[in-house]
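A.B. asks: Spelled out, the chains give:
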Amino acid sequence: MTVLLLGEVDNGTLNMDATAKAVAACKPLGDIHVLCCGAEAADAGKEAATIDGVAKVLVAEDAIYGHRLAEPTAALIVSLAGDYDHVVAPATTDAKNILPRVAALLDVMVITDVSGVVDADTFERPIYAGNAIQTVKSKDTKKVVSIRTSSFDAAGTGNSAEVSDVATGDAPGLSEWVEDHVAESDRPDLTSAGIVVSGGRGVGSEEDFAMIEKLADKLGAAVGASRAAVDSGYAPNDWQVGQTGKVVAPDLYVAVGISGAIQHLAGMKDSKIIVAINKDEEAPIFQVADYGLVADLFEAVPELESKL
Amino acid sequence: MKILVPVKRVIDYNVKVRVKGDGSGVDLANVKMSMNPFDEIAVEQAIRMKEAGDAEEVVVVSIGVKQSQETLRTALAMGADRAILITAADDVHTDIEPLAVAKLLKAVVDEEQPGMVLCGKQAIDNDMNATGQMLAALLGWSQATFASEIKVDGDHALVKREVDGGMQSIKVKMPAVVSVDLRLNEPRYASLPNIMKAKKKPLDEKTADDYGVDVSPRLEIVKTAEPPERKAGIIVESVDQLVDKLKNEAGVI
Chain U
1 MTVLLLGEVD NGTLNMDATA KAVAACKPLG DIHVLCCGAE AADAGKEAAT IDGVAKVLVA
61 EDAIYGHRLA EPTAALIVSL AGDYDHVVAP ATTDAKNILP RVAALLDVMV ITDVSGVVDA
121 DTFERPIYAG NAIQTVKSKD TKKVVSIRTS SFDAAGTGNS AEVSDVATGD APGLSEWVED
181 HVAESDRPDL TSAGIVVSGG RGVGSEEDFA MIEKLADKLG AAVGASRAAV DSGYAPNDWQ
241 VGQTGKVVAP DLYVAVGISG AIQHLAGMKD SKIIVAINKD EEAPIFQVAD YGLVADLFEA
301 VPELESKL
Chain H
1 MKILVPVKRV IDYNVKVRVK GDGSGVDLAN VKMSMNPFDE IAVEQAIRMK EAGDAEEVVV
61 VSIGVKQSQE TLRTALAMGA DRAILITAAD DVHTDIEPLA VAKLLKAVVD EEQPGMVLCG
121 KQAIDNDMNA TGQMLAALLG WSQATFASEI KVDGDHALVK REVDGGMQSI KVKMPAVVSV
181 DLRLNEPRYA SLPNIMKAKK KPLDEKTADD YGVDVSPRLE IVKTAEPPER KAGIIVESVD
241 QLVDKLKNEA GVI
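The listed protein sequences correspond, in order, to chains U and H.
Take the first sequence: its letters are residues 1 to 308, numbered as in UniProt numbering.
Take the second sequence: its letters are residues 1 to 253, numbered as in UniProt numbering.
One chain only, chain U, in its complex shape:
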């Protein structure tokens, strides 16, 4: 049994956290071969080779895989899939874009956002915004699976797996990259940060969201937001934590002015310690918080920041 795992490569750099967590999830499935593709992928391949549990790294370097457009990347994976029982990737937006396309080309039903691997055919995944956990057993001979990374601890490093190049394909000519609009930030990545500070509708305005960012910076934390805060224009969408945004599981999650709608809880309730600051003592967020503080956030947040 061998697994083909699509490493998360962005602009030539390996996303170590997402890739190493997916590797850890795949351990019970057999030997793991990591595919690194991109316009530049050789360095990412070398880094992937250090992840414990990786048997082999395949590098596909070609301009057509730059920006990881779904059509060429899916075609590449399908060209390699014949030798594998499982095709797996961390459930990033790239993989969510690419893997269902791969699965349909292989006539396989994709299994997305897997939070538990029971055996080679059986997987657990959240449904209904995390309100239920379903266990499904695949009848397909090949399985195409994306991994909810927040459910797994990253595999260690220190390995030196063999790295080899694989044949690249032709450009399908269906879509082309135009530009990325990526906010530059020195803060840790939301999905891999040890601490996340999130603001909700209670923060009240885009200007006041600076208070959340200041607290986050004091803690060396990533900044998150509820969907309500994003919808109100207080915070950009890529900060959104929840079923329709990012799923996080940091050591410490601080929810400020967040009521705790089901869809938000689905994105953060696996955090180790949850702190809630809200003036409404009836807010559902307190039902999942380890430490709740019923207070006006405009007083409590600056005070907390000054005392850290």
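Treat each hint with caution, since some may be false.
In silico BS3-like pairs for lysine-lysine, Cα to Cα no more than 25 Å straight-line [as the list claims (entries may be wrong)]:
#1 U:Lys269 x H:Lys247
#2 H:Lys50 x U:Lys279
#3 U:Lys269 x H:Lys20
#4 U:Lys307 x H:Lys247
#5 H:Lys206 x H:Lys2
#6 H:Lys20 x U:Lys137
#7 H:Lys173 x H:Lys50
#8 H:Lys2 x U:Lys214
#9 H:Lys245 x U:Lys214
#10 H:Lys247 x U:Lys272
#11 U:Lys269 x H:Lys16
#12 H:Lys231 x U:Lys269
#13 H:Lys223 x U:Lys269
Sample of chain H residues lacking proximity to chain U, with all beta carbon distances greater than 12 Å (derived) [as the list claims (entries may be wrong)]:
#14 Gly53
#15 Glu56
#16 Met134
#17 Trp141
#18 Gly154
#19 Lys173
None of these hints come from the bench; they were simulated from the model.
Idealized CB from N, CA, C, for every residue including glycine.
Assemble the complex: chain U is given as a structure, and chain H must be docked to it using the hints.
C.D. replies: Here is chain H on its own, set in the frame of chain U:
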């Protein structure tokens, strides 16, 4: 250009989900059902594109139980021109998998020849996030997922996509499958006159057999369980106490 919009009947997003006692799934009997919110955004987008002169006709299609007809009528009331209902299940608890849905949609696309398929990025019941990508694969079309802006430009569409870390703009060759994200638009409410008018709009009734598509599931549902419950902790009295707890009890700062 014709736009095809697949819509799914799902549990209303305001309803509290209850797992059935026998672990066979989520209880959907006598529960309020609505159009999947992401599909509503897709319908709205298609209607706006028609209003802007980028499209001539908006066709909505739903695959599932017969009751999906209500979902199609909602889309017609919003402004879609006609509807196709493909009955593929009798029991409201049967979820047709995205692969089978994509195969049926491919058959509809072959008949209807739309210039674009606009769909929701995921359904809020199975949360698979797969149908649009699978349909694009089966058709050999380009795909643009998680769209927050769509501009049609001749035989191409310029799509801004919501991705990890920000946004990505791509240019896709038409015909294309575009899956929509939350921020694309705010769907309209259907007015009463439009709800009345929708009752007279054409709705074609088909079955999965008419298209010769096998909808039997590839994934066997072993069990459905409640997620592990998280215990509520304590309410602290002050910021000082909070800092103390985080330092000395939880040890996270």
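A.B. asks: Would the hint linking Lys223 (chain H) and Lys269 (chain U) be met if the CA-CA limit is 25 Å?
C.D. replies: holds (22 Å)
A.B. asks: Verify that the Cβ of Met134 (chain H) lies farther than 12 Å from every Cβ atom of chain U, and report whether the claim holds or is violated.
C.D. replies: violated (4 Å)
A.B. asks: Checking one constraint from the list: CA of Lys20 (chain H) to CA of Lys137 (chain U), max 25 Å. Satisfied?
C.D. replies: holds (19 Å)
A.B. asks: Does Lys214 (chain U) sit within 25 Å of Lys2 (chain H), going by the straight-line distance between their CA atoms?
C.D. replies: violated (49 Å)
A.B. asks: Next pair to validate is Lys269 (chain U) with Lys247 (chain H); report whether the Cα-Cα distance is within 25 Å.
C.D. replies: With Cα atoms ~21 Å apart, Lys269 (chain U) and Lys247 (chain H) stay inside 25 Å; holds.
A.B. asks: Taking only the CA atoms, is the gap from Lys307 (chain U) to Lys247 (chain H) under or equal to 25 Å?
C.D. replies: holds (12 Å)
A.B. asks: Check the hint pairing Lys247 (chain H) with Lys272 (chain U) against an upper bound of 25 Å on the C-alpha distance.
C.D. replies: holds (14 Å)
A.B. asks: Over 12 Å from every CB of chain U: does Trp141 (chain H) meet that, or does the non-interface label fail?
C.D. replies: violated (7 Å)
A.B. asks: Is the straight-line distance between the alpha-carbon of Lys231 (chain H) and that of Lys269 (chain U) 25 Å or less?
C.D. replies: It holds: about 11 Å lies between the C-alpha atoms, which stays within 25 Å.
A.B. asks: Given the hint that Lys50 (chain H) pairs with Lys279 (chain U), does the C-alpha gap stay at or below 25 Å?
C.D. replies: With a Cα-Cα distance of about 46 Å, the restraint between Lys50 (chain H) and Lys279 (chain U) is violated, given a limit of 25 Å.
A.B. asks: Are all beta-carbon distances from Gly154 (chain H) to chain U longer than 12 Å?
C.D. replies: holds (14 Å)
A.B. asks: Does Lys50 (chain H) lie within 25 Å of Lys173 (chain H) when you go C-alpha to C-alpha?
C.D. replies: holds (19 Å)
Consistency with the previously given hints fails for numbers 2, 8, 16, 17, 19, ordered from lowest to highest.
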